[in-house]
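Number of protein chains: 4
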Amino acid sequence: MDHKLPRPLRGVITAMVTPLDPDLNLDEKGLERLVEHLIAGGVHGIFILGTTGEAPSLPYDVRFALIEQTCKLAGTRVPVIVGITDTSHKDAIRTAAKSYECGALAVVAAPPYYFQVGQADLLHYFKRLALESPLPLFLYNAPLNTHLWLEAETVMQLAAESNVAGLKDSGLKMGYFHAVREAVRDRSEFSLLVGPDDLLAEAVLMGAHGGMAGGSNVWPRLFVALYEAAAAADLNRVVALQQHAVQFDGAVYRSANPLRGIKCALSLLGICSNDLTPPLQPYSQQERDLVEKYLRTVDVLKNPA
Amino acid sequence: MDHKLPRPLRGVITAMVTPLDPDLNLDEKGLERLVEHLIAGGVHGIFILGTTGEAPSLPYDVRFALIEQTCKLAGTRVPVIVGITDTSHKDAIRTAAKSYECGALAVVAAPPYYFQVGQADLLHYFKRLALESPLPLFLYNAPLNTHLWLEAETVMQLAAESNVAGLKDSGLKMGYFHAVREAVRDRSEFSLLVGPDDLLAEAVLMGAHGGMAGGSNVWPRLFVALYEAAAAADLNRVVALQQHAVQFDGAVYRSANPLRGIKCALSLLGICSNDLTPPLQPYSQQERDLVEKYLRTVDVLKNPA
Amino acid sequence: MDHKLPRPLRGVITAMVTPLDPDLNLDEKGLERLVEHLIAGGVHGIFILGTTGEAPSLPYDVRFALIEQTCKLAGTRVPVIVGITDTSHKDAIRTAAKSYECGALAVVAAPPYYFQVGQADLLHYFKRLALESPLPLFLYNAPLNTHLWLEAETVMQLAAESNVAGLKDSGLKMGYFHAVREAVRDRSEFSLLVGPDDLLAEAVLMGAHGGMAGGSNVWPRLFVALYEAAAAADLNRVVALQQHAVQFDGAVYRSANPLRGIKCALSLLGICSNDLTPPLQPYSQQERDLVEKYLRTVDVLKNPA
Amino acid sequence: MDHKLPRPLRGVITAMVTPLDPDLNLDEKGLERLVEHLIAGGVHGIFILGTTGEAPSLPYDVRFALIEQTCKLAGTRVPVIVGITDTSHKDAIRTAAKSYECGALAVVAAPPYYFQVGQADLLHYFKRLALESPLPLFLYNAPLNTHLWLEAETVMQLAAESNVAGLKDSGLKMGYFHAVREAVRDRSEFSLLVGPDDLLAEAVLMGAHGGMAGGSNVWPRLFVALYEAAAAADLNRVVALQQHAVQFDGAVYRSANPLRGIKCALSLLGICSNDLTPPLQPYSQQERDLVEKYLRTVDVLKNPA
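Chains as they are written, first to last, in our numbering: chain E, 1 to 305; chain P, 306 to 610; chain B, 611 to 915; chain C, 916 to 1220.
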């Protein structure tokens, strides 16, 4: 069977959390349950080692074990794409090489996130990264974490590189999305994907190819259905499902770091543990109770809404 | 004829610029041409003395003359709503009283924009303003100018006040819009309007009642058509018109202050002059040439696209 | 007697609060007590209608009454300088004219605080303001409130205008202060004054001429003594008094708006009332109790420490 | 000879750049020249793997080689302290262990710099780090790079831990410094050090023990003399030398990343190469020419000014 990256890549590409054991090593059983949960829920791809995957907080041995195991577990059922964002350029390339070896289909990189640099520096940086990467590269606009924007003009210039496959935009501003979409209008193979759960549907209505919706870790069926409704321009269904997505986010994301809520919910579902890398800490019991109460009102394992 | 505020208020309520003469007094002829241009273009209302209207930079005599003249010119053809945002509470109330006298149908207020205050302070402030205003009050979330957010929870509490008619959101983040929409779901008379041109269509698709799209000063037919396509869930037409809106914005808004582009375009169309209050300055000749070049490629006076 | 602006202006120029009655009109008795308190405390000037003076929240009749009364009360005992910062250029000029008429010796202006503009716009704006002002103009760098910086290069260019008398810097970053000081090194008449209480001493040690220390409303003797110790390079005394200044600030400034603490303390001392313009609200009883407890540990009316 | 950490640590502890060869491996010859240059210039310590040391951009093998070599080269002549700031907690501990093995005397850690977390999380994080570190720990407030503040209250609580030796503050706001100093007043062994060149002198005048002044890589004699003048309360000399420091910064730091200027100057002096890790790029020829021109006006190798 032919397993290669669809271009453009479409659908819900879950920004997967990294299941960990209490010593913060990879929890292989939890990982297996999570991958099966996502595939059973219909997701169109798995994105590991992103922000939701706690990548910057993981030692390289854990990162590499995760790449190996996830690729093995997913097989050719869904594409695996891997975050290689790093403050160290050499380590970014090393992670890309590992991803290629293990059978991942693409890599994703945000700007290095320590030094403040300009757009010309970013253009230079990503051109080189695209050249050196053995796998197609998705750009990642993540200003909340990197404190830098990949401007629309910069994306347009990078989209002309043959190894640049698309953009994941987690910038939260749809005005930026519209400007990027206009800038890459003539690049039909270039994927536009959005990060946040609650912008998935409208972005797809307005021309995006899909999104990474972190909430799909917990409730893949909801976000897959929302994507499909938007892709089919079924606006009534979009509006009904969107209400569920907004309620899910309000109930599960109780702090600045959504992944705390996602891991809490997954542990309540028995899929993986609630362990987080420092400096992140699990929800308090009170927050956990509120998530549990919410989860009892919906059936995230079986139904889209 | 009965002239009262539709609740919810729907459609394109143009955030109108203030035509000025070179001495920065009201340009009455320009105002007349502009109001007729908007009504001929099909807009559903006129919002004066907002950010686009340069309100904070205008002395009160100019503000009051504008209220009088606009209400007189519009008559009962479209609702006039008036910005009363002010750092001085007494002057906000005075402007609301003047608006009532002249026949405006509602007022709009952003948080006072000098001191940093908390949500509890804003809640207290707006409750009192709603009580004291003789006209229904729209809240105005304008963080780019006021450097404060009206949080979704605050909007929800204020929406319970009978004299609070809606929210204009110019925050650029659709995630906030979704949270607010969820928070006011059971208040069927509460209007949700969005500021930026390029978010009008998607906001309406996702449940907004309309928007203030500053670009409708120049090209009312485009934004009215975009609103109508979205309200009718005609997605193909939305996507086609949205491309024009994004191109319009890219061509006309060449700085952080869109109103500089709007006045430049209106002066090129012969509708009103390009005079701006300090510290804003007109476009350079080079910027003006680019706007002129763009305007020659479209027919903003006759066609929606 | 000759009453004119010393150039450079030196010492503690109190950024005075505006005493108000419960209807938010000027409290003339409170004003008289406050002016006498300051002069008895040895301050070198009075700066009215700044941020601490709640200027943006006051209607013009209150602003004008304050200018008249303060100039009358101070007479030629200390210079009065007046904040004319305004979003409306015409009203800024009108306030400057009033200040001149009443006998004030200078005016102070921060950038207009609603629209985001660039340094070239600010340069143009302040050059014109300096030309039109009948009184010498102090520039005011107040980025916490205006969300704009007057860059060192801009200050240097403006310092070449004969009617520009100095800079009040409330930017909190001493690195900026050093850059400005270097930029205006050859302008011996140009005053460098700093805003915050806790930077007064070190700024004077490093070459400033004085400051506006809002805390000197309450405890003029402390800040005058601190200024004098720094001006005399008496480092042991500076370090001892600085500790009092830092403790004062920690005890009295319990929120983002120091003026709330200053008015609370002044009302506890019986000098003026605690009334504040919306959206600011007085301290809670609990906060007030903490200020009262602190005030019992020091003797702000008689001693510097 | 007894080689242990002075508590409090005082003086100029140069935040050293990392000399690299064109392949971005450690340049051992350049490192040797640089260490000798610093010690000849009289610095009181060497701080490696900070922001100026490009630590986040270096693979661990380069970091570890740098620790080994610097400790060997410095011997017991000056203390070496090592930055262990890391997004991965396990790797931070691993770097601390390596530092201990090699003979460094302390480690320095800023908050992990990817996820936004609260003060309670930081308190928890640093308490654990202090417990696990085999060497005394300096806290590092670096909000420009980490986008988080270590609040004064948090520092005060951490200062009570016996293994917490001090704070390096690179926050640029002296108001914060004063609040921290007041908060740790009774901890006589706790070092307060400041980051930026141009705040070194005034911080020492106001009670700091020293600073990391990156400019001392290039001109150690100037910053050592400035420190000594401030420590001796010789204000005339402070003011004269400070002018040189401000001029140095203005001439050498021509972008948001001072280390670009430092490496440019060091390469002009023949001490080490100008190679930088991605995404940072060397100065343009034009910028380099301006640095060269400036360096010809001073004698950084022989004189303090």
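These aren't lab readings, by the way, just hints derived from the structure by calculation.
All values derive from a computational prediction rather than experimental measurement.
Positions of the beta carbon are idealized from the N, C-alpha and C atoms, including for glycine.
A hint or two may mislead.
Only part of the chain C face toward chain E is listed, based on derived beta-carbon distances under 7 angstroms [what the hints assert, rightly or not]:
| hint | residue |
| --- | --- |
| 1 | PRO971 |
| 2 | LYS1005 |
| 3 | ILE1008 |
| 4 | GLN1196 |
| 5 | PRO1197 |
| 6 | GLN1200 |
Query raised in the report: If you take the shortest Cβ to Cβ gap from GLN1200 (chain C) to chain E, is it below 7 angstroms?
Result: violated, 15 angstroms
Requested in this report: Using 7 angstroms as the Cβ threshold, decide whether ILE1008 (chain C) counts as touching chain E.
Outcome: violated, 10 angstroms
**Report entry** Evaluation of the interface hint that places PRO971 (chain C) against chain E, nearest CB under 7 angstroms
**Finding:** holds, 4 angstroms
Query raised in the report: Does GLN1196 (chain C) meet its interface restraint, that is, does its C-beta lie within less than 7 angstroms of any C-beta in chain E?
Result: holds, 6 angstroms
Query raised in the report: Does the nearest C-beta of chain E fall within a distance shorter than 7 angstroms of the C-beta of LYS1005 (chain C)?
Result: Holds. Min distance 5 angstroms.
**Report entry** When the least beta-carbon distance from PRO1197 (chain C) to chain E is tested against 7 angstroms, hint result
**Finding:** Status violated, d = 11 angstroms.
Checked against the numbered hints above, the structure breaks hints 3, 5 and 6 and satisfies the rest.
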